[in-house]
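Protein chains in written order, with this note's numbering: chain A, 1 to 466; chain B, 1 to 466.
Any given hint might turn out to be false.
In this list, chains with the same sequence are indistinguishable; a pair is considered to hold if it fits within one copy or across any two.
Said to hold, decoys possible - Capping the alpha-carbon separation at 30 Å, the derived lysine-lysine pairs in DSS-like fashion look like this:
1. LYS159 - LYS205
2. LYS26 - LYS427
3. LYS328 - LYS224
4. LYS435 - LYS328
5. LYS155 - LYS427
6. LYS208 - LYS240
7. LYS462 - LYS57
8. LYS346 - LYS26
9. LYS26 - LYS49
10. LYS461 - LYS49
11. LYS435 - LYS224
12. LYS155 - LYS214
13. LYS26 - LYS399
14. LYS346 - LYS462
15. LYS240 - LYS26
16. LYS155 - LYS435
17. LYS341 - LYS224
18. LYS462 - LYS341
19. LYS159 - LYS427
Keep in mind the hints are simulated off the structure, nothing from the lab.
Protein chains: 2
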Amino acid sequence: MNLRELEALFNPSSVAIIGATPIEGKIGRVLVENFTRRYRGKTYLVNPKYSEILGLKCYRSVKELPEPPQLAVIAIPAPSVPQVLMECSEIGVKAAIIISGGFSETGTDEGIRLEREVREVVERYGIRVIGPNCLGIFDNYSGVDTFFLPEERMKRPPKGGISFISQSGAFASALLDYMAYNNLGIARAISYGNKVDIDDVDLIKFLKDDPVTKVIVLYIEGFKESRGRAFIEVAREVIKKKPIIVYKAGKTPRGGRAVISHTAALAGDYNIYSAAFRQVGIIEAETFDEITDFAKILLTQPLMKGNRVFIVTDAGGIGVMLTDALVKEGFEVPLTPEDLKGELRKVLPRHCIPDNPIDLTGDADDERYREVLEIIAFKPYVDALVIGALPHIPGMTMKLADYISSVMERAQKPVAIINIGSEVALKFKAEFERKGMPVYESPERAARALRALYVYSMYLKKYEVV
Amino acid sequence: MNLRELEALFNPSSVAIIGATPIEGKIGRVLVENFTRRYRGKTYLVNPKYSEILGLKCYRSVKELPEPPQLAVIAIPAPSVPQVLMECSEIGVKAAIIISGGFSETGTDEGIRLEREVREVVERYGIRVIGPNCLGIFDNYSGVDTFFLPEERMKRPPKGGISFISQSGAFASALLDYMAYNNLGIARAISYGNKVDIDDVDLIKFLKDDPVTKVIVLYIEGFKESRGRAFIEVAREVIKKKPIIVYKAGKTPRGGRAVISHTAALAGDYNIYSAAFRQVGIIEAETFDEITDFAKILLTQPLMKGNRVFIVTDAGGIGVMLTDALVKEGFEVPLTPEDLKGELRKVLPRHCIPDNPIDLTGDADDERYREVLEIIAFKPYVDALVIGALPHIPGMTMKLADYISSVMERAQKPVAIINIGSEVALKFKAEFERKGMPVYESPERAARALRALYVYSMYLKKYEVV
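This is chain A alone, in the form it adopts within the complex (with noise of 0.2 Å):
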């Protein structure tokens, strides 16, 4: 496979919107709007019935066209998208992305047979394909955004790091809302629905060389036929350039059931996947809230050289709840060394504690955490910091998110911070996540998280990649 093919349907230079609409409320209505609204390169609108679109010009076929758009957007109904996708081809059209529902997720003789004549013309003429019966793709670099939502109902998230491939359109949708809300900056998001050519094994290859991804996340249901074990050999050489976390759905036997009524693809068994993932370092994320939970830590955090975790806290409690939860995620928290101990006297006042978990406890001030951290951060036997730092004191102030990040570049080693409550909580969240720092609500989250990290961190080290 040639990846820079791949370019034309995230970067290309022009594209065509086939199936092009005024009429509010149609896909092709969106699709006009999203492309007019941040895409740079050119877009042309297509559709017979029009000779304009919102001010601008409509051309009937893509035969019409002044030049072949490196990439078209296909979304009209399902029978006569075999034949527009040949015209594409045939004028030099690189790469397609077919919206259009209707083919073999129907079960249907109908569809199924439309499906084959699709796939005939990609064999025949070698344009790529995502589709059919997909949200596409929405890139956040190129302004690319097939993702039919209009932005009031889904909100497109920040630039940032993380590509995310999905076998379920409504909940790539869903995903891409979320992260927006929680600030988490996206690259490319890719739907691909029925998979005619274009799967999660081209798309993660692609990605392996993309310079903005830093993290791959996935949504599986299943994969066709051989292309289960692709995805394996092909993952354990991305792994090396940057980390791959997967949702997989389907996991118990009636689940797969659910999976071949939604995407008619075999689920498999999970144990095997499962086993497959951890052993070329994938990550496996067991529950929704995982799939951003460890995106953010890998995103943000240097690897871990050792699983020795301190806490650093300024509520008893919290320190508490993560001990628990770092203990049973199979971390080290190491009792504070008796030298230390007297390092750390001399700058606490007598009622803080300083054993592992440190309680700087209610009266603490940024100060108190910044004379703290200059002290444990740079000790060779701290492998990662975890902060418990409630922001209902009256001593902490923003400062505090500059000298964490401050103390922790210099010392490369990971942290994670925990930060519960509503919107001072909120304003402390987005102050240390601005200055790269991964923030959780729960003990449990933030432990767990920190683990992917460690594990992504062991797998390297063991393969003698870093």
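Assemble chain B onto chain A, guided by the hints.
Relative to chain A, chain B alone:
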């Protein structure tokens, strides 16, 4: 124990704030502000240094008060506390909340001696005491609020049916703030600190007969001496009237050591606690998230009669995730019986999937939901519904909340809603929750919460409480 004594703590007709001060940033100032804001009873301020604070008369000592207040809130340096508590007892004060720290938690001889002196006053005079070294009580109905964090730092939640008891003050304040942000209603919250007198056992006994408390939540690190056994025995009775959710901190030996540093409590053998909790029907929250996830379903939903769950969704992927999650939690997700399939096919377009999970697909609207729910909710083989209503589809409006709550109320069966995303999702969430239905962002968390409801339902059934 006379439980009516505890009324004086939660709903006193008059309060004295001993240690009141006009100095900004001091605890005594926040307490004055708290009580002048919402408390309706008579508030007396006591501090020999002032004759007036924020426009209110201030008394030199409790002996000069025109009447004995029912409740004394004490926020003065530890060495003066035993004497002042004795004076309170002598004039007939029924109960006191001792906010001041500087007692046994310091581990010093003086602190231990002062705490013993406080205990001696309690034993001699029978005054009931919360504390010392605590945040005290937040009572959302009477307006008693000794949580000395100002509103800017810690929001107060709306009135509601959850009461919360915490061995960690910081955790209590974080949870209140978190609940305020998530619009979860609180009845009473108690941080009891060193529990020289009143402890968890007394408090759950009191809350058992408290008409505004519907669900009791506890954060527990450890019990004193024989109080663990007493707690279990009392809980056994409470459970018959209302559910108890416990988050036990200090689950691991390493966490237990952190507990000793934090509250000097003995965490005890977690497995023994956990088994005892299970035996008497206490629901254990294993993570921070589960505390409120469980509370809101137990608060709002009727009991389950069996373990068969049907899923209705507009997003196939969410349906698959939910199926896995429910099966993992031990639920049965039955296949849709043939006759029900027939009924559903009559109201559903051909591309919808009548199998369980019932997939209404992305072109669903409120009406399609309503028609399906009216059919399935009343089937005898449906024990609960989980509805994966992703709000990104154009056909979904706020009417959906009405439709669902109307049918579920008539069917008298529990429901949980999955809803993921940003502003649109939050608007739907608010509307669903206003109508008394619990909303979750994660399929796995919804399944865990439903399981908590199921376990509680089955416990009551087994002991023929219902």
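When the hints from earlier in the document are held up against this structure, which numbers fail?
7, 10, 11, 14, 15 and 18
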